[in-house]
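Trainee: So the sequences go chain by chain: A and B. If you read the first sequence in my numbering, its first letter stands for residue 1, the second for the next number, and so on. If you read the second sequence in my numbering, its first letter stands for residue 140, the second for the next number, and so on.
Keep in mind the hints are simulated off the structure, nothing from the lab. Errors might be hidden in some of the hints.
Unchecked claim - Derived, one-sided and incomplete: chain B residues facing chain A with beta-carbon distance under 8 angstroms:
#: 1; residue: Trp-199
#: 2; residue: Gly-207
#: 3; residue: Leu-228
Unchecked claim - Below, simulated SDA-like cross-link-like pairs (lysine to any residue); rule was C-alpha separation at most 25 angstroms, straight line:
#: 4; chain 1: B; residue 1: Lys-213; chain 2: A; residue 2: Arg-68
#: 5; chain 1: B; residue 1: Lys-213; chain 2: A; residue 2: Gln-79
#: 6; chain 1: B; residue 1: Lys-213; chain 2: A; residue 2: Tyr-94
Here the structure is a predicted model, which means the values were calculated and not measured. Beta carbons: idealized from backbone N, C-alpha and C, even for Gly.
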Amino acid sequence: MAYAELMIRPMRQEVTRLGVTELHSVEDVDAALGNMEGTALVFVNSVCGCAAGMARPALARALRHDPRPDKLYSVFAGQDLEATARARSYFGEYQPSSPSVALLKDGEVVSFVHRHQIEGRHPDQIAALLTEAFDIHCG
Amino acid sequence: MSGHVFHPGHDDLHGVTVVVTGASGRTYVGRWHERDARGVTMHDVAIHDPATDESPRADWLARQRRFGVAVVAKFLMVPVDEAADVRRLADAG
Numbered sequence: 001m002a003y004a005e006l007m008i009r010p011m012r013q014e015v016t017r018l019g020v021t022e023l024h025s026v027e028d029v030d031a032a033l034g035n036m037e038g039t040a041l042v043f044v045n046s047v048c049g050c051a052a053g054m055a056r057p058a059l060a061r062a063l064r065h066d067p068r069p070d071k072l073y074s075v076f077a078g079q080d081l082e083a084t085a086r087a088r089s090y091f092g093e094y095q096p097s098s099p100s101v102a103l104l105k106d107g108e109v110v111s112f113v114h115r116h117q118i119e120g121r122h123p124d125q126i127a128a129l130l131t132e133a134f135d136i137h138c139g
Numbered sequence: 140m141s142g143h144v145f146h147p148g149h150d151d152l153h154g155v156t157v158v159v160t161g162a163s164g165r166t167y168v169g170r171w172h173e174r175d176a177r178g179v180t181m182h183d184v185a186i187h188d189p190a191t192d193e194s195p196r197a198d199w200l201a202r203q204r205r206f207g208v209a210v211v212a213k214f215l216m217v218p219v220d221e222a223a224d225v226r227r228l229a230d231a232g
């Protein structure tokens with residue numbers, strides 16, 4: 001069930017103000033992730049207060065880190081359904097969950113933070129998972 | 140944050156991905172909804188049954204942790220006498 005756009009706009013803006021590009025359509029996703037080179041982060045946004053409410057601040061903290069991915073994207077699960085499904089088609093064996101964060105390098109997922117790694121954790125702990133992956137794959 | 144209830148009227152596991160170990164030997168991984176007198180209700184559940192699954196429970200659980208929950212049931216109630224142990228997937232060994 002999609003929520004009213006007015007309600008979720010702040011959740012979108014909390015991510016886009018970080019310089020993250022939202023992908024709203026299948027075409028957007030394919031243009032961003034098809035035949036990609038380098039590193040790209042895909043944040044799967046969600047309305048879930050208990051998990052996404054921690055994941056968005058965690059993303060903000062992680063993106064202050066150097067190194068960081070070349071490209072930053074997000075899709076909104078439960079809202080932009082087709083774009084989210086298409087993005088997940090690039091995630092290989094990784095099962096859908098939201099919120100979640102995929103890090104791709106040259107088109108392959110090299111790190112994935114699942115919802116269960118976000119639940120109940122402080123944003124600093126989640127950010128640490130992301131920056132550890134940035135250090136390994138984005139240097 | 141740990142210990143903070145985000146969902147009024149629900150317990151602090153509501154919305155959290157848990158591992159429920161069944162008295163039958165089955166294992167259930169999914170998002171906790173609630174526990175009542177009948178049992179535990181969960182959403183988006185993966186199930187390991189040692190009678191039918193080829194992989195050992197530990198390998199199966201490791202796969203759920205690494206690749207995410209391979210959902211086979213959108214909704215499930217584990218009866219109260221089946222739910223022998225509950226822990227967060229993030230904490231499960």
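Trainee: Each hint: holds or not?
Mentor: So, going through the hints one by one against the coordinates:
1. Trp-199: violated (13 angstroms)
2. Gly-207: For Gly-207(B), the interface hint holds, since the closest Cβ of chain A sits about 3 angstroms away, which is under 8 angstroms.
3. Leu-228: Interface hint status for Leu-228(B): holds (4 angstroms vs cutoff 8 angstroms).
4. Lys-213(B) <-> Arg-68(A): violated (36 angstroms)
5. Lys-213(B) <-> Gln-79(A): This hinted pair holds, its Cα atoms lying about 19 angstroms apart.
6. Lys-213(B) <-> Tyr-94(A): At roughly 18 angstroms apart (the allowed maximum being 25 angstroms), Tyr-94(A) and Lys-213(B) satisfy the hint.
Consistency note: the structure conflicts with the earlier hints numbered 1, 4.
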